[in-house]
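Number of protein chains: 2
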Amino acid sequence: MKKIAIVGAGNVGISAAKAVMDSPDMELCGFIRRKEKAVPGFEKIPVAESVFDFSKKPDGAIICVPSKSVEPIEAKLLENGIYSVDAFDIHEELSPMKKRLSESAKIGNVSAVIGAGWDPGIDSIVRTLISAVIPEGKMFTNFGPGMSMGHTAAAKAVFGVADAVSVTIPAGNGKHTRKIYAVLEKNADKNAVEHGILSDGYFEHDECSVEFVDSVKPFFNTRHAVFIDAADGTHKLSFRMENDNPIMTGRMLVSAMRAAFLQKPGAYFMTEIPPCNFCAENCEKYL
Amino acid sequence: MKKIAIVGAGNVGISAAKAVMDSPDMELCGFIRRKEKAVPGFEKIPVAESVFDFSKKPDGAIICVPSKSVEPIEAKLLENGIYSVDAFDIHEELSPMKKRLSESAKIGNVSAVIGAGWDPGIDSIVRTLISAVIPEGKMFTNFGPGMSMGHTAAAKAVFGVADAVSVTIPAGNGKHTRKIYAVLEKNADKNAVEHGILSDGYFEHDECSVEFVDSVKPFFNTRHAVFIDAADGTHKLSFRMENDNPIMTGRMLVSAMRAAFLQKPGAYFMTEIPPCNFCAENCEKYL
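First to last, the protein sequences are chains A and B. The C-terminal position of the first sequence is numbered 307 in the working numbering, with every residue numbered one higher than the one before it. The C-terminal position of the second sequence is numbered 307 in the working numbering, with every residue numbered one higher than the one before it.
Since the hints were made in silico from the structure, they are not lab data. Don't take every hint at face value.
As the list claims (entries may be wrong) - Result set (DSS-like, lysine-lysine): computed pairs, CA atoms no more than 30 Å apart in a straight line:
{"#": "1", "chain 1": "B", "residue 1": "K199", "chain 2": "A", "residue 2": "K256"}
{"#": "2", "chain 1": "B", "residue 1": "K256", "chain 2": "A", "residue 2": "K199"}
{"#": "3", "chain 1": "B", "residue 1": "K119", "chain 2": "A", "residue 2": "K305"}
{"#": "4", "chain 1": "B", "residue 1": "K119", "chain 2": "A", "residue 2": "K38"}
Just so we're clear, the structure is a prediction, and the values are computed from it rather than from any experiment.
Using the sequences provided together with the hints, build the complete structure.
Right under this line is the structure:
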């Protein structure tokens, strides 16, 4: 039985905690959060500001903080001998981050699985598999429509934003537009906030528009979807997923946590993990 | 550059040979077949009755013979230090065969990837991944309509059958019916042949019917399809593939061959292989 701590208690952290509790091979040993108070619904679970405040060191930590905050937290955990997983979602930064976290993991003699959500994550495995069998094919990943957790967190972090929701709208052939619903902080400057959002790395690649609203409540919905569509002249492959975004992310993180314990010291992408290692049970029945 | 031999020169063998020739990291060093004569379209490629007749021992062998003939051939190759892959497709015999071939592989200090087609194979990875994230979900694999290579080979091997095609027809929720078009050998007994087909392990699980025809030509078509459909109360995942059956099988076999060279001695299912190892190129762009 592996003792697992959850770092962060937002939507993903709470979903990951539930997935740990549903796992026959893991027990939830605590939450790490800035405000040291019980997480609603998990009143009996210890809460600490640091993983090192628990009476027993956890075996593994599932990092459920916004992507931009992941690396320093994860590096410290790994260097101190705690296995880790994250759902870091900035695709172009995955490779350099893996190199750095591999060094941290080797110092602590443990492993990490990074980018372990559904995209990057499940989708990455599907795309890799498709690319292996139709190497000359065209492949598109189409998201949504649905609220993006990564983009929502990025918009909320912009100076002057009190609350935000970022919705991804598929425009076909792997292109997307994004609509950001934002609540302004008191006295914040609309133009400066709009510029702050649109110039963020999360938004600069796509056509985006910002709408200022009084409340994001009508736009907050955790359901999301993806459609991977690939073909060459002879073959056609597609993968479609409709999910509850934080629940699916939490479950994948827990599956990746399980796999991390079986890897040699280092940091890994999900595509570098034998898929059977994600399963709690013997998965030969799925052959 | 790995030297690869193809065992068998049927539809899959020829497709695998083409996939080897398309691979930047492999060269086709020969075909193994009973009749020692050139394979049409591959006149410059050496042909031998045994892999040990080639001037240089191949690094790997792709076994493209009917499933029931695979194991003794593969065991001998492995014990003699040749890496191997097969697309063995009798699901319930995969686990015991893996145990036996693992021993052979360890004797020869090499590796094998078994059941490396599209089902078992690609679909097995998709099912395993789905089971990891919706463990309480329902999942169905629906094939076709299309000609099954394994079932066609099994029907052709029945005493009294001159030629055959077995078509898989999806009946929904993972159930199938099968229609076997068979050409009788001269003086063969219809009833005995029909019984011979229907009592074969390939056919006994499904509702099957046999129709005797003068030629299977109108029914021979290498296009096939699969639809994996899974859901729980919150999530819905599906994988759809329309393929040319031998081409897709040949390509997956070559991808698995590449991965076999990276495994420790032993026999493996595709679900035990890191997906990135199937790719000839750096697959980080698919993250």
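Now the hints, each set against the structure:
no.: 1; hint: B:K199 to A:K256; verdict: holds, 25 Å
no.: 2; hint: B:K256 to A:K199; verdict: holds, 25 Å
no.: 3; hint: B:K119 to A:K305; verdict: holds, 16 Å
no.: 4; hint: B:K119 to A:K38; verdict: violated, 36 Å
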